[in-house]
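Peer 1: End of the sequence shown = 1300 in this note's numbering, gap-free, step of one.
No lab work stands behind these hints, which were simulated from the structure alone.
Certain hints may be false.
To be verified - List of simulated lysine-lysine pairs, DSBU-like, C-alpha gap at most 35 Å:
| id | residue 1 | residue 2 |
| --- | --- | --- |
| 1 | 1267 | 1087 |
| 2 | 1085 | 1161 |
| 3 | 1161 | 1267 |
| 4 | 1161 | 1269 |
| 5 | 1269 | 1087 |
| 6 | 1269 | 1085 |
| 7 | 1085 | 1267 |
| 8 | 1087 | 1161 |
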Amino acid sequence: MNIYLAELIGTGLLLLLGSGVVANMLLPKTKGNGGGIMEISTAWALAVFVGVVVAGPYSGAHLNPAVTVGLALTGQFEWALAPGYIIAQVLGAMLGVGIAWLVYKDHYDASSDAGEKAAPFGTSPAIRNIPLNFFSEVVGTFVLILVILYNDGVEIGDADSTPIGMGSLGAIPVAFLVWVIGLALGGTTGYAINPARDFGPRLMHSILPIKGKGSSDWGYAWVPILGPLFGAALAAGLYMVAGA
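Sequences are here, hints too, so could you generate the full structure?
Peer 2: Here is the structure:
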């Protein structure tokens, strides 16, 4: 599979399942209505597992611009490939969340709460305090990228030609990593820790004909975009200063 197609499909699966669980937990008249952070964090972790299983052997399974940037900053990934990876990730996120919306369309229509309808698309803070919200995204992404950078890695296809990424950590370990980040650090902002995961779906929320959807909250959108990128840069800096 082409590396860009792998990133698109892997990120699409990540958002299909991740957005799907939020819709299942929050929207009315679903079988899973009323669940909490344990269900959501677990499903997001397993969604990462699914994306890594599919994309890992072909693209390294970045599925996240912060991963792409962190690896490029440390010289473990070619900058020339980064734009294509990031575009594929954003498009995949848009595709995945769009399919999840269709799956739950009847339940979106049954809701009169604009916040419920927005939650499966983009993240939002539990308490809006922009400096601390930004810090939360930085810290969560810092942990994610640092662990990926310090991992010794597992073989993915042809090690001489396949870029590294979350797949080099292994599908199960990276799922546990995302799981603990969600449970420990996700209560403040919903732990985007992935600019594509937030930007693509938020854009879809703006575009899709969702009845009574309300605002897409673009005023907050820069936090889950720049926060993860800054966290990735800090992790890369520590890795280069401290040594592998």
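Peer 1: All the hints need checking, so say for each whether the structure fits it.
Peer 2: Hint check results:
Using a Cα cut-off of 35 Å, the hinted pair residue 1267 and residue 1087 holds, with the two alpha carbons roughly 21 Å apart. Taking the CA atoms of residue 1085 and residue 1161, the gap is near 12 Å; set against the 35 Å cutoff, the hint holds. Restraint check for residue 1161 and residue 1267: satisfied, since their Cα atoms lie roughly 10 Å apart, inside the 35 Å limit. For the proposed pair residue 1161 and residue 1269, the alpha carbon gap of about 12 Å is at most 35 Å, so the pair holds.
Pair hint residue 1269 plus residue 1087 holds up; C-alpha atoms about 22 Å apart against a cutoff of 35 Å. Restraint check for residue 1269 and residue 1085: satisfied, since their Cα atoms lie roughly 18 Å apart, inside the 35 Å limit. With a CA separation close to 17 Å, the supplied pair residue 1085 and residue 1267 stays within the 35 Å bound. Distance hint between residue 1087 and residue 1161 is fulfilled; the C-alpha atoms sit about 14 Å from each other, no more than 35 Å.
Hint compliance for this structure: no hint is broken.
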